[in-house]
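Number of protein chains: 2
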Amino acid sequence: MSAEIARLCKASLQSAMVGTDENNIQSGKDFYKFFFTNYPDLRIYFKGAEKFTADDVQKSERFEKQGQRLLLGVHILAETYANQEVFKAYVRETINRHRIYKMDPALWLAFFTVFNGYLATKTQLDDATKNAWAELGKVFNEEAQTHLKNSGL
Amino acid sequence: MSAEIARLCKASLQSAMVGTDENNIQSGKDFYKFFFTNYPDLRIYFKGAEKFTADDVQKSERFEKQGQRLLLGVHILAETYANQEVFKAYVRETINRHRIYKMDPALWLAFFTVFNGYLATKTQLDDATKNAWAELGKVFNEEAQTHLKNSGL
Chain A
1 MSAEIARLCK
11 ASLQSAMVGT
21 DENNIQSGKD
31 FYKFFFTNYP
41 DLRIYFKGAE
51 KFTADDVQKS
61 ERFEKQGQRL
71 LLGVHILAET
81 YANQEVFKAY
91 VRETINRHRI
101 YKMDPALWLA
111 FFTVFNGYLA
121 TKTQLDDATK
131 NAWAELGKVF
141 NEEAQTHLKN
151 SGL
Chain B
1 MSAEIARLCK
11 ASLQSAMVGT
21 DENNIQSGKD
31 FYKFFFTNYP
41 DLRIYFKGAE
51 KFTADDVQKS
61 ERFEKQGQRL
71 LLGVHILAET
81 YANQEVFKAY
91 VRETINRHRI
101 YKMDPALWLA
111 FFTVFNGYLA
121 TKTQLDDATK
131 NAWAELGKVF
141 NEEAQTHLKN
151 SGL
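Chains as they are written, first to last, in full-length UniProt numbering: chain A, 1 to 153; chain B, 1 to 153.
Some hints could be false.
Repeated chains share a single entry, so a pair holds when one copy, or any two copies, can fit it.
Subject to a maximum C-alpha distance of 30 Å in a straight line, what follows is the list of computed DSSO-like cross-link-like pairs (lysine-lysine) [stated by the list, open to error]:
1) Lys59 <-> Lys149
2) Lys138 <-> Lys59
3) Lys138 <-> Lys102
4) Lys65 <-> Lys51
5) Lys130 <-> Lys10
6) Lys51 <-> Lys10
7) Lys65 <-> Lys130
The set of hints was computed from the structure by calculation and includes no laboratory data.
All chains, please: the whole structure from these sequences, using the hints.
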């Protein structure tokens with residue numbers, strides 16, 4: 001049920017909170033450090049940062065901001081999941097905003113694997129929480145693929 | 001308390017739901033029809049639409065999309081309000097995205113008067129709900145003004 005999935009996802013995100021404090025800023029950078037270290041091939045989507053190491057991310061003002069944007073986006077997914085029409089509208093808006101990056105459509109589902117890998121570095125994820133994220137990611141991806149088709153993308 | 005404010009705001013937004021159906025699309029257009037009719041001076045912030053009438057909005061693909069974006073943004077405010085750090089992060093992100101429009105900072109608080117006027121055309125707003133929106137708007141505005149100052153805007 002969507003309310004229980006939302007509850008579990010939101011609880012796990014307490015370990016990766018957005019905010020202006022040093023530790024919140026670091027949580028955002030840590031996502032990109034994890035991402036670029038473990039999925040270096042996907043750096044091609046970050047123009048100018050195609051060869052960035054974790055150290056480069058750590059020192060980067062761009063990824064300081066980008067880290068907060070990314071975390072905020074995921075928090076919004078969890079916060080809206082119990083209200084499926086709002087959740088799906090946010091999925092469509094996210095797809096629209098990424099149009100310019102010409103991403104492989106398969107990456108939308110893959111994102112949740114990456115994000116859960118990152119989240120597992122911050123907190124212990126039990127099976128119920130992993131399943132909740134898998135379900136949220138599945139619903140996200142269904143709406144994303146539908147919207148990509150409807151938009152001719 | 002933030003959870004009760006969120007509950008009231010979310011309930012009132014059921015009458016202005018986002019979505020891909022005709023009535024959802026219309027709800028978004030209706031915001032801009034209301035806005036431009038009642039606050040024509042603020043059309044200056046919409047380049048190319050400075051003289052738009054309600055009829056122009058009705059026929060406009062731009063405001064069909066913009067209407068959904070606007071409604072989604074307000075839904076996200078209500079959905080995140082019970083989680084104040086996420087709410088405030090979304091406020092900051094919203095300010096960042098509007099930087100290019102060089103808005104009068106006073107308009108951030110004024111927006112909630114406009115939006116409640118629109119919402120009152122869709123549903124009966126009782127005093128508790130009006131107070132809830134006023135409080136949400138106040139907290140939004142506090143974070144907005146702080147962020148504008150911190151960003152040198």
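Each hint tested on the structure:
1. Lys59 <-> Lys149: between (38 Å within a copy, 24 Å between copies)
2. Lys138 <-> Lys59: neither (34 Å within a copy, 35 Å between copies)
3. Lys138 <-> Lys102: Within one copy, since 21 Å is at most 30 Å while 39 Å is not.
4. Lys65 <-> Lys51: Within one copy only: 19 Å inside a chain, 36 Å across chains, cut-off 30 Å.
5. Lys130 <-> Lys10: Classified as both: same-chain Cα gap 12 Å, cross-chain 28 Å, threshold 30 Å.
6. Lys51 <-> Lys10: neither (33 Å within a copy, 44 Å between copies)
7. Lys65 <-> Lys130: Result: close within a single copy only, 27 Å intra versus 34 Å inter.
The structure fails to meet hints 2, 6 from the earlier list, while all remaining hints are met.
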